[in-house]
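Chemist: Sequence:
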Amino acid sequence: MRIEKEDADKMVLQAFSRPQDRLTYGELVRRTNLGLGAVCGAVARCVRAGSLVEDGFVLEPAIHRQPQPVFARVQGEQ
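Each residue of the sequence shown is one higher than the one before, counting from 1 in UniProt numbering.
Just so you know, not all the hints are guaranteed correct.
Unchecked claim - Just the calculated beta-carbon pair ranges, DEER-fashion:
{"id": "1", "residue 1": "Val58", "residue 2": "Ser17", "range": "17 to 23 Å"}
{"id": "2", "residue 1": "Phe57", "residue 2": "Glu4", "range": "29 to 35 Å"}
{"id": "3", "residue 1": "Gly50", "residue 2": "Tyr25", "range": "16 to 22 Å"}
{"id": "4", "residue 1": "Gly35", "residue 2": "Gln75", "range": "24 to 30 Å"}
{"id": "5", "residue 1": "Ala49", "residue 2": "Arg22", "range": "16 to 22 Å"}
Bear in mind the hints are in silico, worked out from the structure with no lab data behind them.
In this text, a Cβ means the ideal position worked out from N, Cα and C, and glycines have one as well.
All chains should be built: construct the whole structure from the sequences, respecting the hints.
Modeler: Spelled out as structure tokens, the structure:
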């Protein structure tokens, strides 16, 4: 099933249910049920639009060998 880019962007933004949420790509995949490629594209578009911001890195040793970026929703964005 193909998801339109705008719908994927909305799904990613809706995954941030609380203002203090800081989510990795993996957590966004779990919360949205989108594929990793769709999540990465949506995050990149949302960062460019100013809706999301990269907010540090986290290391999940059991899953990733390198630190993964963490994203936060920009305050005041709908």
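Chemist: Against each hint, give a clear statement of whether it holds in the structure.
Modeler: Evaluated hints:
Roughly 19 Å separates the CB atoms of Val58 and Ser17, a value that falls within the hinted 17 to 23 Å. Between Phe57 and Glu4 the beta carbons are some 30 Å apart, a value that agrees with the proposed interval 29 to 35 Å. For the hinted restraint 16 to 22 Å between Gly50 and Tyr25, the CB-CB distance of approximately 19 Å keeps it satisfied. For the pair Gly35 and Gln75, the beta carbons lie near 29 Å from each other, so the given range of 24 to 30 Å is met.
In this structure the supplied range 16 to 22 Å holds for Ala49 paired with Arg22, their Cβ-Cβ distance being about 19 Å.
Violated hints: none; the structure is consistent with every hint.
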